[in-house]
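Now for the letters of each chain:
Protein chains: 2
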Amino acid sequence: MTATAEIARRFLETLEARDWAAWEGLLAEAVVYELPQSRERIRGRSAYRRFNETYPGEWHLTPKVIIGDEHRAVVWFAWTLSDGGGEDDGDAQAFFEFDDAGLISKVTDFWPEPYEPPARPDGLVERW
Amino acid sequence: MTATAEIARRFLETLEARDWAAWEGLLAEAVVYELPQSRERIRGRSAYRRFNETYPGEWHLTPKVIIGDEHRAVVWFAWTLSDGGGEDDGDAQAFFEFDDAGLISKVTDFWPEPYEPPARPDGLVERW
Chain P
1 MTATAEIARR FLETLEARDW AAWEGLLAEA VVYELPQSRE RIRGRSAYRR
51 FNETYPGEWH LTPKVIIGDE HRAVVWFAWT LSDGGGEDDG DAQAFFEFDD
101 AGLISKVTDF WPEPYEPPAR PDGLVERW
Chain R
1 MTATAEIARR FLETLEARDW AAWEGLLAEA VVYELPQSRE RIRGRSAYRR
51 FNETYPGEWH LTPKVIIGDE HRAVVWFAWT LSDGGGEDDG DAQAFFEFDD
101 AGLISKVTDF WPEPYEPPAR PDGLVERW
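Line order of the protein sequences matches chains P and R.
By my numbering, the letter at position 102 of the first sequence is numbered 102, and the numbering carries on one by one without gaps.
By my numbering, the letter at position 88 of the second sequence is numbered 88, and the numbering carries on one by one without gaps.
None of these hints come from the bench; they were simulated from the model.
Just to be clear, a hint being listed does not mean it is correct.
To be verified - Simulated pairs of lysine to aspartate or glutamate, DMTMM-like, Cα-Cα distance not exceeding 20 Å: (1) 106/P to 24/P; (2) 106/R to 126/P; (3) 64/R to 29/R; (4) 106/R to 53/R; (5) 64/R to 100/R; (6) 106/P to 6/P; (7) 106/P to 58/P; (8) 106/R to 29/R; (9) 106/P to 34/P; (10) 106/R to 6/R; (11) 106/R to 69/R; (12) 64/P to 97/R; (13) 64/P to 126/R; (14) 64/R to 109/P; (15) 64/R to 69/P; (16) 106/R to 91/P; (17) 106/R to 58/R; (18) 106/R to 70/R; (19) 106/P to 126/R; (20) 64/P to 70/R; (21) 64/P to 109/R; (22) 106/P to 53/R; (23) 64/R to 88/P; (24) 64/P to 99/P; (25) 64/P to 88/P; (26) 64/R to 34/P; (27) 64/R to 70/P; (28) 106/R to 24/R; (29) 64/P to 34/R.
What you are looking at is a predicted structure, and each value in this text was computed from that prediction instead of being measured.
Could you build the full structure based on these sequences and the hints that come with them?
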């Protein structure tokens, strides 16, 4: 496993454990966190921690696929969320960039939702 | 760039070029294509090609980030779609697995849509 992939794995594990000191230790102080779907941006490690600590509901994250090269990494993970509206779950992806010290300098998350696909030719597609 | 990342790049480029012969050359005959959000599964290179050739609307794909290790790769790409309903665009991700011959044996796509985020503490989040 590359160093970037290992850091990405620890990012998910420390987040799931709410081990905030260990989680912050992976991040550059000026880390930028972006969510393109909601056009949200959080600047800095402290704000990013507060964003996660105060996120509404009880959430859990489990890594499924981790890929890293010299400069970047991605984690495809399963999530569950329990809140006043009930239980929900799905898959999401976090992309990571790193600074020269090997700390995470940028995180970009994607949270895809279920959708109904367009009609296609008969027999082409299975549904599960 | 790793071999897997290079294949992932060529996958996107040949798809964008509708160079179906070159695109098929990257795929194992028994490739499986899955879209977890719509719970769609397509089995085999021929069906997968027909799925793409007959996809409704005029679509374009531009790679943004490509990451590969020895066994897997991911492409984060920008897409545009023009159809009877107008123009739409966004970012999506395709994850790849490879067989022992270096051909793509599995593709899993995610197509995240915009959403409105939950309210958060004042000053924590910028919107763009």
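Hint check results:
no.	hint	result
1	106/P to 24/P	13 Å, holds
2	106/R to 126/P	15 Å, holds
3	64/R to 29/R	27 Å, violated
4	106/R to 53/R	19 Å, holds
5	64/R to 100/R	27 Å, violated
6	106/P to 6/P	16 Å, holds
7	106/P to 58/P	25 Å, violated
8	106/R to 29/R	11 Å, holds
9	106/P to 34/P	8 Å, holds
10	106/R to 6/R	16 Å, holds
11	106/R to 69/R	15 Å, holds
12	64/P to 97/R	13 Å, holds
13	64/P to 126/R	30 Å, violated
14	64/R to 109/P	14 Å, holds
15	64/R to 69/P	15 Å, holds
16	106/R to 91/P	17 Å, holds
17	106/R to 58/R	25 Å, violated
18	106/R to 70/R	15 Å, holds
19	106/P to 126/R	15 Å, holds
20	64/P to 70/R	17 Å, holds
21	64/P to 109/R	14 Å, holds
22	106/P to 53/R	36 Å, violated
23	64/R to 88/P	30 Å, violated
24	64/P to 99/P	25 Å, violated
25	64/P to 88/P	18 Å, holds
26	64/R to 34/P	15 Å, holds
27	64/R to 70/P	17 Å, holds
28	106/R to 24/R	13 Å, holds
29	64/P to 34/R	15 Å, holds
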